[in-house]
Each structure stands twice: as C-alpha cells, then as structure tokens.
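The numbering used here puts the first residue of the sequence shown at 2, with every later residue one more than the last.
A portion of the hints provided could be inaccurate.
Derived lysine-lysine pairs resembling DSBU-like cross-links, with alpha carbons at most 30 angstroms apart [said to hold, decoys possible]:
#, residue 1, residue 2
1, K217, K166
2, K283, K250
3, K166, K283
4, K237, K194
5, K237, K217
6, K271, K283
7, K250, K194
8, K271, K206
9, K217, K250
10, K271, K250
11, K221, K237
12, K194, K217
13, K250, K166
14, K221, K194
15, K283, K237
16, K206, K221
17, K283, K194
18, K221, K250
19, K237, K271
20, K217, K206
21, K283, K221
22, K250, K206
23, K250, K237
24, K166, K221
25, K206, K166
26, K217, K283
27, K194, K166
28, K166, K237
None of these hints come from the bench; they were simulated from the model.
All values derive from a computational prediction rather than experimental measurement.
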Amino acid sequence: MQLCHQQIAFDTSHQRTKDRSKRGPLLHTKKETDIMEFKAACRDFEKAPRCDLHEGLQLEVTQHPHSLRQVANLIVMLQRMKHNHTPVGTEFSDDDLLNIMLENVLEERVPSHFVSDVESRASVFRSRTTVGCSVCDEQQKSWVLNQWPLQLQAVMLQGSNMDLKVNLSLSTYMARSFTDGASRPVALGIAGKDLYLSCSESDGKPVLQLEEITGKEMLKEIDAQGDMVRFLFLRKDSGFSSTTFESLKFRGWFISTAVENRMPVQMCHKEDDTRITCFTIKQL
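Working from the sequences, and respecting the hints, build out all of it.
Dropping the structure here:
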C-alpha cells in the first residue's frame, strides 16, 4: 500500500512537470527581473565607447573679480543648460556657444529719469554757513575796492587808511558729488555790498570779476554744470595762516596779487610763481 502511494505521488509530480513544460518557460519574480535587467545594462555599458569628460573643455583662471550680476548670469546659464535634454557632444562650435550666451543674458535696465534725478541732486552745491572774514596777502597787503574800474586792488595800508580795506562775506557750500576732502567750495562776497567775486573766461583766459547779485537766493543752490558755478572757489588751508582760492570752474587758476603795491587782484595759473596766491584769512 505504501509503495502504491509513493508511485502515485511520483506520477503526480512528473505530470506537473510535463504540464509546466507545455505551458512554456517559468515566470520570474519582480526581484529576479530587476537583477536580470541590471546585468544586461552593465553588459551594454561595457560594450559602449568610453567618453572623456575633460576632452574639449578649457579652464581659464582670471585675477579680475567678477560682479554679482556676472555670477548670476553664469548660474542662470548653467541651470538652463542642465535642463536642456537635447543630446550634445562635449565640444561646442562657436555658434553653439554664442547662442547659449545670448539666450541666457540678463539685461538690467534703469529708468533714465531716475538716473538724471540722482545726478542732478548730487551735482548741486548748497550754501551752509556764512561768516565775515578779513583778508591780506603774504606781504600784508589788504584788498581795497576801486569803483572805477570796478575791481579789487592789493594795497599796503597803514594808520587811518586801514578803514579802506574790504572784508569778505565767506559762504561755505556742500555737495554730494564733491569728494575733495582737502578743499571747501566757497563764495566770496564783499561785506556790506551786493558784490561777489566770479571767475569767467575772457579772450580765452580766466579773469576775476566783481558782479552785483541783488537776490541772494540765486546763490543758495548752485548747479555744478550751470553758469553760476563761476562764483565758487575752492578754499584750501595749509599751515597756520595760509589759504588759497582756486576757481572751481577753471581748475588750476587761483586768486592772486602782484608783488607790487596797488595792483589789481587777478587770476593766475598755478605755475606762475611771480604772483602771490597765499592769503591770511581771519574770521571777524
């Protein structure tokens, strides 16, 4: 009886094997399928030609710092290239590189009216303080007002003649665009009068003049690009009592006096060593 049961079990197993062979190859599990696909991919990768990623690439090191905008342009360009799924080789033609850069350029536009407004505000000189001062040159010559012709003269005064000297009404100006820390823009007026010193061009040469300004509001704000800048001079103090006045409109030209007595106060170039350009200014 036991032998009979074993024979039946063997026949049943043999029958299952025959039936399974008739149905075709065995079905594999998902894990077995993944392993087989991985091995197949590895064999394909080994057969594929190798690609040297460094071939065709150039590395350039520069000592010039790049701006934040240039860095941003580079990052955007790399991001767009990374998401570009078009297969390309490791080498680009000149046209390809040009197209990539042009497609990824970031343009920064600033409204022109905003730039003009900022520049106009920065180039305006505004009056801050006004003080009375006396002035004389290195030879102790004082300034005297001559009515005809209307001009200042440098005169050696003594005794009662000291009343003839003029004092200055010195106004100091400030501007955002002015960065010369050693000099201060000033306007020079004759104290008690509506006369101001100015430097204008005549016959191709800067000349010192006295102009009448009835409305002092005209000198409250002076545009650096306007014609009123002729009234501004750069005051530079050096030492204990040595001051020079350089024309802001004609740089390199200074208010000066002659060595001789009773000669006009005039402009001279900085290279002219025959005239006196240093003065003693004392606040009243």
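These are the hints, each one checked on the structure:
1. K217 x K166: holds (23 angstroms)
2. K283 x K250: Answer holds: K283 to K250 is near 25 angstroms, not above 30 angstroms.
3. K166 x K283: holds (14 angstroms)
4. K237 x K194: At roughly 25 angstroms apart (the allowed maximum being 30 angstroms), K194 and K237 satisfy the hint.
5. K237 x K217: At roughly 24 angstroms apart (the allowed maximum being 30 angstroms), K217 and K237 satisfy the hint.
6. K271 x K283: Roughly 24 angstroms between the alpha carbons, so the hint for K271 and K283 holds.
7. K250 x K194: The hint holds at about 24 angstroms.
8. K271 x K206: holds (14 angstroms)
9. K217 x K250: holds (20 angstroms)
10. K271 x K250: With Cα atoms ~14 angstroms apart, K271 and K250 stay inside 30 angstroms; holds.
11. K221 x K237: holds (21 angstroms)
12. K194 x K217: holds (11 angstroms)
13. K250 x K166: Roughly 27 angstroms between the alpha carbons, so the hint for K250 and K166 holds.
14. K221 x K194: Given that 30 angstroms is the threshold and the Cα spacing comes to 17 angstroms, the pair holds.
15. K283 x K237: holds (14 angstroms)
16. K206 x K221: holds (27 angstroms)
17. K283 x K194: holds (19 angstroms)
18. K221 x K250: holds (18 angstroms)
19. K237 x K271: holds (14 angstroms)
20. K217 x K206: Cα-Cα ~27 angstroms, so holds.
21. K283 x K221: holds (24 angstroms)
22. K250 x K206: Holds. K250 to K206 sits at ~12 angstroms (cutoff 30 angstroms).
23. K250 x K237: Status holds; Cα separation ~16 angstroms.
24. K166 x K221: holds (27 angstroms)
25. K206 x K166: holds (28 angstroms)
26. K217 x K283: Holds: K217 and K283 sit about 23 angstroms apart, inside 30 angstroms.
27. K194 x K166: holds (13 angstroms)
28. K166 x K237: Between K166 and K237 the Cα gap is close to 23 angstroms, so the pair holds against 30 angstroms.
Of the numbered hints listed earlier, not one is contradicted by the structure.
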